[in-house]
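Since the structure of chain A is already known, use the hints to place chain B on it.
2 protein chains.
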Amino acid sequence: MKYCSQCGKPVVIKIPELDNRERYVCEHCETIHYQNPRIVVGCLPVWETKVLLCKRAIEPRKDYWTLPAGFMENGETSLQGALRETWEEAKAKVEEESLYRLFDLPQINQVYMFYRARLSPKDFAPGEESLDVALFEEAEIPWQEIAFPVVAITLQDYFEDRRKGEFHTRISDFTYPYKKKEVEE
Amino acid sequence: MKYCSQCGKPVVIKIPELDNRERYVCEHCETIHYQNPRIVVGCLPVWETKVLLCKRAIEPRKDYWTLPAGFMENGETSLQGALRETWEEAKAKVEEESLYRLFDLPQINQVYMFYRARLSPKDFAPGEESLDVALFEEAEIPWQEIAFPVVAITLQDYFEDRRKGEFHTRISDFTYPYKKKEVEE
Chain A
4 MKYCSQCGKP
14 VVIKIPELDN
24 RERYVCEHCE
34 TIHYQNPRIV
44 VGCLPVWETK
54 VLLCKRAIEP
64 RKDYWTLPAG
74 FMENGETSLQ
84 GALRETWEEA
94 KAKVEEESLY
104 RLFDLPQINQ
114 VYMFYRARLS
124 PKDFAPGEES
134 LDVALFEEAE
144 IPWQEIAFPV
154 VAITLQDYFE
164 DRRKGEFHTR
174 ISDFTYPYKK
184 KEVEE
Chain B
4 MKYCSQCGKP
14 VVIKIPELDN
24 RERYVCEHCE
34 TIHYQNPRIV
44 VGCLPVWETK
54 VLLCKRAIEP
64 RKDYWTLPAG
74 FMENGETSLQ
84 GALRETWEEA
94 KAKVEEESLY
104 RLFDLPQINQ
114 VYMFYRARLS
124 PKDFAPGEES
134 LDVALFEEAE
144 IPWQEIAFPV
154 VAITLQDYFE
164 DRRKGEFHTR
174 ISDFTYPYKK
184 KEVEE
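Residue numbers (our numbering), protein chains in the order written: chain A, 4 to 188; chain B, 4 to 188.
Isolated chain A (complex conformation) (with noise of 0.2 Å):
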């Protein structure tokens, strides 16, 4: 950020008075610009004993599986941005949705929220983000092959908790091992 989204005046970095951390401020018209993490919603689809994965049309991570997901958008509940990243990239509708794993990812000001759900009808096709859509047994899961590690953790978590028969709710930070500060302690 340069310039102030209300005034178009070069926006200055100070903490602002009653704040305690930097921001983006406007010192022309006194606008504070908020800086927030943001929402990243999706699906897990089930069809009887597989999930539903896409393969990636675009980067980053080109070619490796997903499960539908996407920023979620302003107006829509968590649920209904993970309907339509579910219809958009997989062509797919489901039901029976239940919250199921929920990520921090404060290196990169993301929280990731997957929705569990049973895919039905039993359609599916690439949307225009996806070169594939397929269902997959838990043994065929192409794990080296996934996009990104939060993907891989929801199915791990989801077919452990499928062969205890209990499924819950729940919520944990990522971090990338090879980031730098970590490298550096």
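Since the hints were derived computationally from the structure, they do not count as laboratory data.
Think of the CB as a built atom: it goes at the ideal place given N, C-alpha and C, for glycine as much as any other residue.
Take the hints with a grain of salt, since some may be wrong.
Straight-line Cα separation of at most 30 Å, DSS-like style, residue types lysine-lysine; simulated pairs [claimed, not checked]:
hint, chain 1, residue 1, chain 2, residue 2
1, B, 65, A, 17
2, A, 5, B, 5
3, A, 65, A, 53
Selected chain A positions facing chain B (Cβ under 10 Å, derived; list incomplete) [claimed, not checked]:
hint, residue
4, 9
5, 11
6, 23
7, 24
8, 39
9, 40
10, 42
11, 84
12, 105
13, 110
14, 112
15, 171
Quick partial rundown of chain B residues pointing at chain A, CB under 8 Å, derived from the structure [claimed, not checked]:
hint, residue
16, 6
17, 7
18, 8
19, 10
20, 39
21, 75
22, 77
23, 79
24, 102
25, 107
26, 112
27, 176
Chain B in isolation, oriented as in the chain A frame:
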């Protein structure tokens, strides 16, 4: 948003190529300015049979009681944000935190995340945004003076779950019944 935060030129509202909704777009430097929901994180601090509430010192809902909560910041996890807000607003520390109650508020582009936690030690005091901080038994909750519906629902759910002896993480939508768009329908 009136001006591009990257180059300072006026923005227009249009649907970018390969997109399906209106965005603020800079036709000079071609930056698309996405706007996304923000996350509010907070705690439900419990001491024995009592819950901790803060009396708001600021608008909106000045003089009403709330749970310590506020906007999640970049670079922190949702739990870190909830603990930070609990410290800032109630000068309180908690432990045994567990993600408890989430709300989608699509009308105001927010997602709430409340952690249930044990107050420890039993110390608290009003922070800068609070006039008072106090512990309440269920029978003492000032239901008519609760600042926000999501706080009232979280408290109701907590006491209900406590009677059942079972706490589940769950999400629901909250849409204001007095919203203009619903009145018109």
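Numbers of unmet hints, in rising order: No hint contradicted; all consistent.
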